[in-house]
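Participant: Sequence:
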Amino acid sequence: MAMNIPAIFGFIGLLVGCRADKLVSLAISQDRARPGLLTSERLFARLNVDNEDVKVVIDTRSPCTILIWKMWYETKMKGDCDKLIFKCYECNPASCKEGPVWTVPAFDGKPMFVFEHSGTFAFGNLTAAGIEFALTESCRCRPQASLGLSPPLMHLAPFRPLVYQLLAQPRSERLIESSAFSLHLKAGENPTGELILGGEDQSKFKGGLKFVIIVHKEDQSIIISGYNVGDTSQDPIMLSVTSHLNMVDSFLQLPIDRKKEIIGLLTTQGKKPLAIAEQYGFLRISCGTFLLKGSELETVPLKIQPASYTIRLSTKMCILRIEFRDDGTWSLGLPALIGFYHLYDWDRSRIGSAEVK
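Mapped onto mature numbering (1 follows the signal peptide of the UniProt record, and there is no 0), the consecutive letters of the sequence shown carry residue numbers -20 to -1, 1 to 337.
I should point out that these hints are in silico values taken from the structure, not numbers from a laboratory.
Keep in mind that the hints are not guaranteed to be accurate.
[Unchecked claim] With a straight-line cut-off of 20 Å between C-alpha atoms, the simulated SDA-like cross-links for lysine to any residue are: (1) K184 <-> S152; (2) K50 <-> E21; (3) K2 <-> E157; (4) K35 <-> D62; (5) K63 <-> R12; (6) K35 <-> I111; (7) K2 <-> A137; (8) K2 <-> C121; (9) K35 <-> M51; (10) K166 <-> V4; (11) K240 <-> I217; (12) K337 <-> G99; (13) K90 <-> W52; (14) K50 <-> I65; (15) K56 <-> S75; (16) K56 <-> S20; (17) K2 <-> S152; (18) K240 <-> N208; (19) K77 <-> E117; (20) K337 <-> G168; (21) K240 <-> V221; (22) K337 <-> K197; (23) K58 <-> S118; (24) K35 <-> G99; (25) K63 <-> K77; (26) K283 <-> G168; (27) K2 <-> K197; (28) K77 <-> M51; (29) K283 <-> K337; (30) K35 <-> P150; (31) K35 <-> E117; (32) K197 <-> S311; (33) K184 <-> L6; (34) K240 <-> Q200; (35) K186 <-> K283; (36) K63 <-> F103; (37) K90 <-> C121; (38) K184 <-> V4; (39) K283 <-> E258.
Since the structure is predicted, the reported quantities are computational estimates derived from the model, not experimental observations.
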């Protein structure tokens, strides 16, 4: 029976979980990059770079750490860094020595033009010098700052993710001993958690990690092998599609050709009939469970609770964080992290998942 598989796989995950003695932790929280815009919910961390405090979006799909260059934003864009949620990085001296300009995609796919810079990153009392990052030289998008955590990607060379740079420090100066990192976020109205660089903290999750294979390392894709909607005691609807655990996506993204089926199931498969309301393209529905293909062709359940994918607009109205796409996309965005602990182990082509404590 399918229900027995996660228990067996959980035992395997307990044996092969990735640990590390040296860990670096950063507090993370959910916030809106643009106040008032529902689709701009992002996962943020605070960084201190060269004694300057900035705020960055956690980006598991890109290796690029990008900060907003103060001179560009305030001089050329006539903006005010103090009013940006990201803040800005000011070079010292103020005019950075610009090198080659590279084109990298923004969250919405529009081009950003950046150049390389380096500085000292502080993590509490710990520091790492000579860390390379990018500064925005110009942009055909809204300014944004991000912390790149994907594996190195050929089309985005020469940028390297922060964890790989920390691991490349001289042995006596290394803050971590593994390129793996973890994200966890507690459920609640204002979810908070940690980014843990260097491995996992077993005190933060329940039981053992259950691992999912990364089938394409270049785009970090995984396989969804089925899903339940509403009553999870029913047999899942089976399929085999590539997907991503993409923390930059504010919503769960599902193919529009599944919309009628999912809405139909929601009205009949819950503990009681559910009224579905659609307004401005948003829905209110019950919880869903997606089954992810594991490392031994087992299935790993990822149960996304209603509180994790709803946005409260008022005391009576909530908006569902699900977007139906006409391009066939399956993307398990930020709602798939809330209430969970994820371990990203790129070097072993796997992602571990467990319920957060």
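Participant: Confirm or reject each hint.
Facilitator: Now the hints, each set against the structure:
{"no.": "1", "hint": "K184 <-> S152", "verdict": "28 Å, violated"}
{"no.": "2", "hint": "K50 <-> E21", "verdict": "24 Å, violated"}
{"no.": "3", "hint": "K2 <-> E157", "verdict": "6 Å, holds"}
{"no.": "4", "hint": "K35 <-> D62", "verdict": "12 Å, holds"}
{"no.": "5", "hint": "K63 <-> R12", "verdict": "13 Å, holds"}
{"no.": "6", "hint": "K35 <-> I111", "verdict": "17 Å, holds"}
{"no.": "7", "hint": "K2 <-> A137", "verdict": "28 Å, violated"}
{"no.": "8", "hint": "K2 <-> C121", "verdict": "38 Å, violated"}
{"no.": "9", "hint": "K35 <-> M51", "verdict": "17 Å, holds"}
{"no.": "10", "hint": "K166 <-> V4", "verdict": "19 Å, holds"}
{"no.": "11", "hint": "K240 <-> I217", "verdict": "14 Å, holds"}
{"no.": "12", "hint": "K337 <-> G99", "verdict": "35 Å, violated"}
{"no.": "13", "hint": "K90 <-> W52", "verdict": "18 Å, holds"}
{"no.": "14", "hint": "K50 <-> I65", "verdict": "13 Å, holds"}
{"no.": "15", "hint": "K56 <-> S75", "verdict": "13 Å, holds"}
{"no.": "16", "hint": "K56 <-> S20", "verdict": "25 Å, violated"}
{"no.": "17", "hint": "K2 <-> S152", "verdict": "12 Å, holds"}
{"no.": "18", "hint": "K240 <-> N208", "verdict": "14 Å, holds"}
{"no.": "19", "hint": "K77 <-> E117", "verdict": "12 Å, holds"}
{"no.": "20", "hint": "K337 <-> G168", "verdict": "13 Å, holds"}
{"no.": "21", "hint": "K240 <-> V221", "verdict": "18 Å, holds"}
{"no.": "22", "hint": "K337 <-> K197", "verdict": "29 Å, violated"}
{"no.": "23", "hint": "K58 <-> S118", "verdict": "13 Å, holds"}
{"no.": "24", "hint": "K35 <-> G99", "verdict": "16 Å, holds"}
{"no.": "25", "hint": "K63 <-> K77", "verdict": "26 Å, violated"}
{"no.": "26", "hint": "K283 <-> G168", "verdict": "16 Å, holds"}
{"no.": "27", "hint": "K2 <-> K197", "verdict": "25 Å, violated"}
{"no.": "28", "hint": "K77 <-> M51", "verdict": "12 Å, holds"}
{"no.": "29", "hint": "K283 <-> K337", "verdict": "15 Å, holds"}
{"no.": "30", "hint": "K35 <-> P150", "verdict": "27 Å, violated"}
{"no.": "31", "hint": "K35 <-> E117", "verdict": "18 Å, holds"}
{"no.": "32", "hint": "K197 <-> S311", "verdict": "16 Å, holds"}
{"no.": "33", "hint": "K184 <-> L6", "verdict": "14 Å, holds"}
{"no.": "34", "hint": "K240 <-> Q200", "verdict": "29 Å, violated"}
{"no.": "35", "hint": "K186 <-> K283", "verdict": "14 Å, holds"}
{"no.": "36", "hint": "K63 <-> F103", "verdict": "24 Å, violated"}
{"no.": "37", "hint": "K90 <-> C121", "verdict": "6 Å, holds"}
{"no.": "38", "hint": "K184 <-> V4", "verdict": "14 Å, holds"}
{"no.": "39", "hint": "K283 <-> E258", "verdict": "23 Å, violated"}
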